[in-house]
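Visitor: Residues per chain, in single letters:
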Amino acid sequence: MTDGAGDTARGAARPSRPARGPRFGLGAEGARSLSIAAVSTVVVFGLIGLVVVNAPGWPVFQQAFLNGPIFWESLPKVIGRFWVNVQMFLVAEVLILIFGLLLAVLRSLPGPVFFPVRLIATLYVDIFRALPGILVVFMLGLGIPALRLPGVPKDEFFWAVIVLTLLYSAYVSEVFRAGINSIHPSQAMAARSLGLTMTQSMRYVVVPQAVRRVVPPLLNDFIGLQKDTVLVSFIGVVEIFRETQILQAARFNFTPYLATALVFLAVTIPMARFTDWLIARDARKGGSGRRSASVSNALSRGGQAAP
Amino acid sequence: MTMQPALRIEGLWKSFGELDVLQGIDLEVAEHEVIALIGASGSGKSTLLRCINLLEPIDEGRIFIEGEEITAKGVNVDRIRRRVGIVFQSFNLFPHMRVLDNVTLGPRSVLTPPPAAAAPDAMRLLERFGLAEKANQLPDRLSGGQQQRVAIVRALAMQPDLLLLDEVTSALDPELVAEVLNVVRELAANGMTMLIATHEMGFARDIANRVCFLDAGRILEEGPPAQIFAEPREARTRQFLNRIIEAGRL
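Chains A and B are the protein sequences, given in the same order. Per our numbering, the very first residue in the first sequence carries number 20; after that it's consecutive. Per our numbering, the very first residue in the second sequence carries number 103; after that it's consecutive.
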């Protein structure tokens with residue numbers, strides 16, 4: 020019942036990037052390296068540009084993907100639809116945090132009595148991590164409403180949020196579990212020695228420390244979630260990707276995809292940078308913070324969430 | 103009413119897999135008595151203390167606290183642990199809580215109803231051990247000696263009948279040892295019943311009513327400190343003490 024994530028998290032203690040070092044491989048040699056970097060960057064990107072612009076299909080490509088008027092026409096529309104993704108994301112995020120933490124705690128319960136609980140939680144996590152996200156979206160998002168169970172909503176938005184929650188809770192529970200495992204057993208022992216019950220020691224001592232440590236890897240998973248909100252377009256939610264497809268079909272032009280891509284870049288890159296900054300800050304702080312960085316590194320190496 | 107011993111241990115066995123760590127421990131501790139457990143690393147001192155706090159399940163034997171068998175089936179271990187405080191070598195303070203919250207967590211979450219005066223009581227304890235101005239700080243802002251004193255206060259906040267100290271100075275820089283030992287001296291002077299596993303032989307000699315020498319999971323020899331340190335009967339005890347003297351620790 021013990022598997023990789025926790026052990027890796029406890030074992031690995033080496034941040035992937037030095038906490039206070041050269042950011043893009045520039046540094047000590049100063050100006051000389053800087054000019055070499057500038058020249059080689061210009062050369063590389065120049066060459067790529069030349070190859071693309073001189074490709075035989077370039078004029079057609081330009082017309083199909085880089086159409087200025089269509090771009091400016093679609094951008095506000097896709098941004099408007101992105102609001103649906105943001106709503107799904109925000110609602111699902113709260114549910115995922117609750118459900119993921121619950122799964123992680125259930126899997127961390129010791130003793131033979133809790134074996135069935137651990138088994139169920141483990142099976143759940145294994146299954147949802149093993150399936151491609153798009154499959155889960157189709158099977159649950161179309162399947163369950165088709166049962167027409169009484170009292171179960173048919174609303175696509177509702178099912179989109181449910182599917183995203185079920186899918187991502189499996190990943191997030193692994194992050195939480197790595198965090199829980201990274202808290203030294205002596206902490207729980209100290210709590211129990213005061214007479215706290217197992218639940219109390221989890222609630223007041225282990226989980227609060229674990230959650231603090233896993234904030235950066237959690238943000239990593241939420242970057243994945245942000246992107247994967249487009250998956251539910253396939254069960255009929257008209258969100259940014261569906262809107263893009265509609266625009267593309269109406270004009271028979273692919274430029275709307277470019278607009279949508281830019282929307283995601285604008286939202287996701289700042290969040291990724293913020294996550295990196297948090298990890299670097301924790302690594303600098305050392306002590307308990309260093310362990311946090313090791314958790315996030317172990318996770319981003321091993322189980323990067325990309326269903 | 104007959105005076106029950108604060109602690110009675112009968113034929114305690116404990117093994118980790120193949121390794122028999124405790125091999126038939128018998129021990130009786132009277133109320134207000136201070137017992138020093140000495141012996142080499144691996145002789146079973148820490149395991150013995152953990153068994154008394156029920157942090158380790160025992161294999162055989164019985165443990166009584168004031169006449170109540172705590173190793174009996176169906177005993178609520180959480181209730182027992184409230185009466186038996188333990189302080190660890192590595193402090194094990196909760197790093198995400200202020201010192202004051204570290205101290206009040208036990209009373210607040212365990213005692214029913216939660217005492218309204220948990221915080222003032224904790225402040226009084228912190229004050230008594232010179233830690234009042236640290237109450238609002240996080241543990242990692244404190245020196246090792248201060249952290250260990252907080253850990254002792256945390257255990258005292260539960261008003262235990264018995265306090266177990268597991269090499270509480272072994273993780274400290276030498277210049278910080280005295281402040282922790284002074285706290286323990288004060289507790290002994292106030293009549294706290296204590297079992298102290300320690301490598302500080304001078305301290306054990308000063309403070310203990312009785313010294314138990316543990317060797318390979320047994321209490322090989324016990325007696326008043328004057329006798330154990332001056333004229334140990336057992337060859338193993340002499341050998342152990344000679345090594346301590348060679349190291350300049352006695």
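Keep in mind that the hints were calculated from the coordinates and are not lab data. Misleading hints may appear alongside valid ones.
Label pairs and their computed distance ranges (CB to CB) [claimed, not checked]:
hint	chain 1	residue 1	chain 2	residue 2	range
1	A	Arg148	B	Asp242	31 to 41 angstroms
2	A	Arg222	B	Met105	52 to 62 angstroms
3	A	Pro289	B	Asn292	55 to 65 angstroms
4	B	Glu336	A	Val132	57 to 67 angstroms
5	B	Val177	A	Leu128	32 to 42 angstroms
6	B	Arg181	A	Arg292	34 to 44 angstroms
7	B	Asp242	A	Val132	30 to 40 angstroms
The beta carbon of each residue, even a glycine, is placed where N, CA and C say it ideally should be.
Visitor: Now tell me if each hint is right for this structure.
Guide: Taking the hints in turn, this is what the structure says about them:
{"no.": "1", "hint": "A/Arg148 - B/Asp242: 31 to 41 angstroms", "result": "holds (35 angstroms)"}
{"no.": "2", "hint": "A/Arg222 - B/Met105: 52 to 62 angstroms", "result": "violated (40 angstroms)"}
{"no.": "3", "hint": "A/Pro289 - B/Asn292: 55 to 65 angstroms", "result": "holds (59 angstroms)"}
{"no.": "4", "hint": "B/Glu336 - A/Val132: 57 to 67 angstroms", "result": "violated (45 angstroms)"}
{"no.": "5", "hint": "B/Val177 - A/Leu128: 32 to 42 angstroms", "result": "violated (21 angstroms)"}
{"no.": "6", "hint": "B/Arg181 - A/Arg292: 34 to 44 angstroms", "result": "violated (51 angstroms)"}
{"no.": "7", "hint": "B/Asp242 - A/Val132: 30 to 40 angstroms", "result": "holds (36 angstroms)"}
The structure fails to meet hints 2, 4, 5, 6 from the earlier list, while all remaining hints are met.
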